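Chain order of the listed sequences is A and B.
When you number the first sequence by my numbering, it's gap-free, plus one each residue, and the end is 389.
When you number the second sequence by my numbering, it's gap-free, plus one each residue, and the end is 1389.
Hints in this document: simulated from the structure, not taken from any laboratory.
Predicted model only: the values in this text are computed from it and were never measured.
The C-beta atom is built at its ideal place from N, Cα and C for all residues, glycine as well.
Don't take every hint at face value.
Claimed, not checked - If you want the ones that stay clear, here's a sample from chain B, every Cβ over 10 Å from chain A, calculated:
1) Glu1047
2) Glu1149
3) Pro1206
4) Pro1300
Unchecked claim - Output of the computed footprint for chain A on chain B, the stretches with three or more beta carbons under 8 Å from beta carbons of chain A:
5) 1012–1025
6) 1051–1063
7) 1091–1105
8) 1192–1202
Said to hold, decoys possible - Each computed DSS-like pair below joins lysine-lysine, with the alpha-carbon atoms no more than 25 Å apart:
9) Lys321/A with Lys1040/B
10) Lys330/A with Lys1229/B
11) Lys102/A with Lys1226/B
12) Lys1226/B with Lys1040/B
13) Lys1214/B with Lys1229/B
14) Lys1229/B with Lys87/A
Number of protein chains: 2
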Amino acid sequence: MKKERLMTPGPTQVPEESLLTLARQVTHHRTPQFESLFEKTRRATAELLRTEGEVFFITGSGTASMETALMNVVAPGETILVLSSGKFSERWAEMGEVFGAKVVTCAVPWGEPFRPEQVADLLRAHPETAAVFGTLTETSTGVRHPIAELGRAVRENSDALFVVDGISGIGADRFEMDAWSVDLAVIGSQKALMGISGGGFVAVAPRAWEKIEKTPRRGFYFDLLKYRKSAQARTTPFTPAKSILEGLAVNLDAILGEGIENVWRRTALLAEATRAGIDAIGLARTTSSPADSMTAVFFPEEAAFDPKRFMSEIHERFGVKFAAGQGPWKGKIFRMAHFGLIDEFDILGTLGAIELALHFAGRPVEPGKGAAAAQRVFLRESKAFSSEN
Amino acid sequence: MKKERLMTPGPTQVPEESLLTLARQVTHHRTPQFESLFEKTRRATAELLRTEGEVFFITGSGTASMETALMNVVAPGETILVLSSGKFSERWAEMGEVFGAKVVTCAVPWGEPFRPEQVADLLRAHPETAAVFGTLTETSTGVRHPIAELGRAVRENSDALFVVDGISGIGADRFEMDAWSVDLAVIGSQKALMGISGGGFVAVAPRAWEKIEKTPRRGFYFDLLKYRKSAQARTTPFTPAKSILEGLAVNLDAILGEGIENVWRRTALLAEATRAGIDAIGLARTTSSPADSMTAVFFPEEAAFDPKRFMSEIHERFGVKFAAGQGPWKGKIFRMAHFGLIDEFDILGTLGAIELALHFAGRPVEPGKGAAAAQRVFLRESKAFSSEN
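Bound conformation, chain A alone:
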């Protein structure tokens, strides 16, 4: 009878309305019904991304959508600039090397955001750069990067395309593809879109097609020209994970029904309350440029504290599933989401559970400080809303 509370920054809780569509008997994907689903989700994702460009559904993990974006705009031997700030942005560099690109890395320490001047300087030093690869929110560190400013730096200092991994950020943290000069953007199904894992979207701005058409090796499964051609007939070039798309259609309806500005505002409030709670508990957060989609928190450094015990206590006693640290931060941080279905109640419960799990793992706490700080944030906002009405 144990309740699970999935608080990881992907996969995330899936709405019941969406889950129930998955239990319906399968129908074929070469049908007018699928064409409607295809068109509906295409329009919805373009609206979500604020782009006039085209959006393609890719059946595969988020990494498959990243690879689609990269393979289609980079020829072997070309120079790419990777903005590297954690495990997932490093993946752009690993992938670029696998496909024979000359990878120039613009690195910041884990936990720090990029400064636009860094990127501008590197682009002036490497005018041959074909594409710049960035990340909206780095899931391994909890950092949000200033994509608007970075997009301007790219556009003003080069002809390079700007490709952004928005897998864990888009739908939670503000993102405006066209206004921010982003040429290709990547979304995952199992993050703020609240779907099951196994799907993603690649959005392509009109400006990017010239380069894509010239790219000599676009692969087969990941070839965006195949996806563009099929999209004219409102379908996919290969058998799509139709069930995933059906679930996402329900969620996109809910997101756009609420209004993406409202979703961003709601997510930002949950993020602020979470940060206030973590600060009140006395834990250190990983960054001064936090994402709204998630919060990453350092474990206490005291010798008496047992991080593994913390992770197991909070899961075993309270059903709360956090993500652990990766790479250099393995065993040093925990990461929690506050996007999608997660609400004020979840944040209050989670902050309480964190305090108790800290206690059981060797760090004494004063009960209630975390939730109290979060409540004050909610209360302030509630007052603000009341005075507006």
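Guided by the hints, dock chain B onto chain A, whose structure is given.
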């Protein structure tokens, strides 16, 4: 209140027990529970394939699993031999060309199976061949190829690896990976395994690893060495479509519970009954080497007959969804499955619906001949079973 009868050779009907797992709330994939699921499905698919090799779950369409198999064993400039007999086997050649292989094609007319001597001759003429790409059952034509004999021809006449697309056949038509000298085999989630679309498996025989390790460009998402490394920790290198795998685990339990020999026998009987019914109706089948998984049937050639009307009548009146013809056979054939959940009742209803739809589309029929012929096959087998008991 219309009932849908999905009779296409993929996607196919998904068992209720499996669909209901999809409606459960999502849990994380980096957990002991996922490791159990991973291990269970790995063992089950290896048993299904009759291999001592390793089997990897790939999140993506069947084509993604095909590309995984191809990219990992073929270096640009190497020669591959593609056994080309329809739309899906032609895909091996298209894919090989995209990745820079020298493609030698062994072609048979649509509807015909390969003869082992053809393959042996070509391999002796091209001793440099790195890999041979075949297909167990060609979904565009309904042909089953003699993989056991082809595997022997490959092994006896070259050092090439033998890669088999078993997407639409494995789990329905007999397949014995190790005994038949198959080095890599590909399965899809939405065919005889009765899952939802979006997943596949690539099986790798021990003999293939030496070549895989030497292949210079294995890609990133499709790199089998990443999958092998992660498998040691009972997980996947990238976020898997866990829901798809959970549904498949239920189905694999059912398949192996029944016994794969029994599943093959049952499927063969449905296939035989279907063929007897089609013959009795007076329609021509596409091949003398038919798959057990599906039957492909030519439309009557009379001017008065309207194939589009047939396809819409059978779907609109009876809810029966068939697959249409592809490539040169577009508008000339229909294709129906008899694998997975499809049973005797479905075959009888479908044969009756075919007769009525033929009538409405301009081809007079004598009602009941198709079902009668199928019933006689079931009756014969029923007697055989009774006498055994």
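Go check the segment 1051–1063 of chain B versus chain A for me, would you? Three or more residues, Cβ under 8 Å, otherwise it fails. As far as the segment 1051–1063 of chain B goes, the hint holds, because 5 residues have Cβ atoms under 8 Å from chain A.
Hint check: lysine 330/A vs lysine 1229/B, CA-CA at most 25 Å. Holds or violated? 19 Å, holds
Per-stretch coverage check for the segment 1012–1025 of chain B, three Cβ contacts closer than 8 Å to chain A: holds (count 9)
So if I understand the rule, the pair passes when the alpha-carbon distance is 25 Å or less; does lysine 102/A with lysine 1226/B pass? 22 Å, holds
Just double-check proline 1300/B for me: nearest Cβ-Cβ distance to chain A has to come out over 10 Å. 23 Å, holds
Regarding the assertion that proline 1206/B does not contact chain A, is the least Cβ-Cβ distance greater than 10 Å? 25 Å, holds
Three residues or more, CB to CB closer than 8 Å: is that satisfied between the segment 1192–1202 of chain B and chain A? holds (count 4)
Hinted pair lysine 321/A and lysine 1040/B, Cα distance within 25 Å: This hinted pair holds, its Cα atoms lying about 23 Å apart.
Tell me if the straight-line CA distance from lysine 1214/B to lysine 1229/B falls inside 25 Å. The hint holds at about 16 Å.
Is the listed coverage of the segment 1091–1105 of chain B by chain A valid when you require three or more residues with a beta carbon under 8 Å from a beta carbon of that chain? Per the Cβ count (5), the hint holds.
Holds or violated: lysine 1226/B with lysine 1040/B, Cα cutoff 25 Å? 20 Å, holds
Pairwise hint evaluation, lysine 87/A against lysine 1229/B, where the allowed Cα distance is 25 Å at most: Measuring from Cα to Cα gives roughly 18 Å; hence the hint holds.
Consistency with the previously given hints is maintained throughout, with no hint failing.
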